[in-house]
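Peer 1: Single-letter residue listing:
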Amino acid sequence: MNAKLKIRKVLSGAQAAAEAMRQIDPDVVAVYPITPQTPIAMQFAEFVNEKKVHTEMIRVESEHSAMSACVGSAAAGARTMTATSSNGLALMTEVVYIASSTRLPIVMNLADRALSGPINIHGDHSDAMLVRDASWIMLASENAQDVYENTIMAVRIAEHKDVLLPVMILQDGFITSHSAETMYLFEDETVKDFIGEYNPKYSLLRTEQPITIGPLDLFDYYFEHKRQQIEAMENAKRVIKEVFDQFSKLTGKTYNYFEGYKTDDAEFIIVTMNSSVGTAKFVADEFRKKGVKAGVVKIRVFRPFMDEEIVKLLKDAKVVAVLDRAASFGSNGGPIFHDVRSAFYESEKKPKMLNYIYGLGGRELSVEMLKKVYSDMVKVNEGIKVEQIQCLGVRD
Amino acid sequence: MRRTNKLCLKLIKKQNSAEGVFMEDKKGWKEIPIGGVIEKSGNALNYKTGGWRTFRPVINSDKCIGCMLCYLYCPDSSILLKKDDKFKFKAYEVDLDHCKGCGICASVCPVKAIEMKRETEFKDDKSSGHN
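Listed in order, the protein sequences are those of chains A and B. Residue 305 in this note's numbering sits at position 305 of the first sequence, with consecutive numbering throughout. One gets this note's numbering by counting positions in the second sequence from 1 and adding 1000 to each.
Here chain A stands alone, though its shape is the one from the complex (with noise of 0.2 Å):
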């Protein structure tokens, strides 16, 4: 472990989101609390309360107004955050879409809860893949540790020129949001310094540079604003390498889109995010006792999506398992598994690949389900038929 990483503390995942939001000490946080997030708005309200942050805060009456006014906070050129969780990030979407696309580097915290209904308040992912396409960077936290990194280098990514775009970063609700655990916090100069002075290329409190942001913009010029948002994620699969390679610096460990864990000689590997990256790390190493070759690749970047790297880690690998903790209704499996599944498309060597949706409405992924999979992939291999796509841990 760097030295830089050396303050030893006990917190949940909403406490490590809330801790980097104290070290960055953002200008604005216009937040409105929704169960899971609502730790983070809380935790971050007391260091609001007791001066440990010059951050002003929002309280506003939904989502909707959390993130209209994160729009207005970032347009004046403000660093700005704020978190949410599920129906908070439905109720907010059409938000979500104008900071993008309007190009303001907002950072939010979502801690992954199922979309009603029937109403649900435990984690899935259902909340994160509504947003998929909205033109956010979206950085998934296997912990509370990578929490309290991602949220520090989204800073970063968000604000850098060639990008300028907003970014989420996603943790589990309740079972990372909720649950302590040891992890590591920088001295807070080290954050300051790391994330720097935000510069904004425009704001509305510029007087001498009077602007109009957000007028009407139809047939003749919005595609080619849309054409620059897809370059903006093109750059940013760069900034965010770069961003990577500087904090690997601060902390002595690689940081990567994919990463791959005892994939280097793995046949059979699981593709999976947040969470649930914990508990099939530890199945693998059950396999690997029992001399079977499992390894785990745990997304950290899950948009911009990198098909050359994910088909890197996974083209020699025998059989491949992707987990979807969502749904994508009337699709061919779960929306991690069409990503992974397309990357392939091109490629010579492919591996066969399975899909399985899991822990819908927060239902606990465990160790014994995880078995199956693998069990599951060794069959694929020896020629016994399993169903592609299934449902894992479902009662019949």
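Watch out, some of these pointers could steer you wrong.
In silico DSS-like cross-links for lysine-lysine, where the CA-CA straight-line distance does not exceed 30 Å [said to hold, decoys possible]: (1) Lys192(A) / Lys9(A); (2) Lys318(A) / Lys385(A); (3) Lys201(A) / Lys1027(B); (4) Lys1030(B) / Lys226(A); (5) Lys226(A) / Lys1027(B); (6) Lys226(A) / Lys1048(B); (7) Lys1082(B) / Lys201(A); (8) Lys1030(B) / Lys237(A); (9) Lys161(A) / Lys1026(B); (10) Lys290(A) / Lys352(A).
In silico contact screen, one side only, chain B against chain A (beta carbon under 8 Å); selected entries [what the hints assert, rightly or not]: (11) Ile1034; (12) Gly1035; (13) Gly1036; (14) Val1037; (15) Ser1041; (16) Thr1120.
Since the hints were made in silico from the structure, they are not lab data. No residue lacks a Cβ here, since even glycine has one placed at the ideal position from N, Cα and C.
Since the structure of chain A is provided, determine the placement of chain B on it from the hints.
Peer 2: Quick look at chain B alone, frame taken from chain A:
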């Protein structure tokens, strides 16, 4: 038939040039500011909204007492003034390229010097702001 086609084409061309939608005249995505930002102020002048109008304000300058309420209330700065010896200023004309016909001017006028008339009464008027 041929004549009609030609007329249609002429009308479309007029419409397009007035709205400025000829795509080949437009800038490419690398040349424009990101996020739809407009870097120059005062650009509302270039966006002609007069075509939305159903009712047109018609000013009777003889009745006008120069209170300038219409001028202050107009959301589109479309009331044009002229100098007047007695009242200093008088409302005398409407900027039909930008007036959307909301009728606020007629509503606030204390001497009823502004009357809202249906646009159809002016359909032959070339300066109507309707393209």
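Peer 1: Each hint needs a verdict: does it hold in this structure or not?
Peer 2: Verification of the hints:
1. Proximity of Lys192(A) to Lys9(A) is assessed by CA-CA distance (about 19 Å); at most 30 Å being required, the pair is judged to hold.
2. Note on Lys318(A) and Lys385(A): the hinted pairing holds, with a Cα-Cα distance of about 15 Å set against a maximum of 30 Å.
3. Between Lys201(A) and Lys1027(B) the CA atoms are separated by roughly 21 Å; this keeps the pair inside 30 Å, and the hint holds.
4. Taken as a hint, the Lys1030(B) and Lys226(A) pair is honoured in the structure, with Cα atoms around 11 Å apart against an allowance of 30 Å.
5. At most 30 Å may separate the alpha-carbon atoms for a hinted pair to count; Lys226(A) and Lys1027(B) meet this at roughly 14 Å.
6. Pair hint Lys226(A) plus Lys1048(B) holds up; C-alpha atoms about 25 Å apart against a cutoff of 30 Å.
7. A threshold of 30 Å between alpha carbons decides the hint, and for Lys1082(B) with Lys201(A) the separation of about 42 Å lies outside it, so the pair is violated.
8. Between Lys1030(B) and Lys237(A), the direct Cα distance comes to roughly 19 Å. Compliance with the 30 Å bound is thereby established for this hinted pair.
9. The straight-line distance between the Cα atoms of Lys161(A) and Lys1026(B) is roughly 25 Å, inside the 30 Å bound, and the hint therefore holds.
10. Restraint check for Lys290(A) and Lys352(A): satisfied, since their Cα atoms lie roughly 22 Å apart, inside the 30 Å limit.
11. Residue-level restraint check for Ile1034(B) holds (minimum Cβ-Cβ distance to chain A is 5 Å; threshold 8 Å).
12. Among the interface hints, the one on Gly1035(B) holds; its C-beta lies about 4 Å from the nearest C-beta in chain A, closer than the 8 Å criterion.
13. Satisfaction of the interface hint for Gly1036(B) is found here, the shortest Cβ-Cβ separation to chain A being roughly 5 Å, below the 8 Å cut-off.
14. Against a cut-off of 8 Å between C-beta atoms, the interface hint on Val1037(B) holds, since the closest Cβ of chain A lies about 5 Å away.
15. A distance limit of 8 Å between C-beta atoms decides the matter here; for Ser1041(B) the minimum to chain A is near 4 Å, and the interface restraint holds.
16. With 8 Å as the threshold, the beta carbon of Thr1120(B) stays out of range of chain A, its nearest partner Cβ sitting at about 27 Å, so the hint is violated.
Consistency with the previously given hints fails for numbers 7, 16, ordered from lowest to highest.
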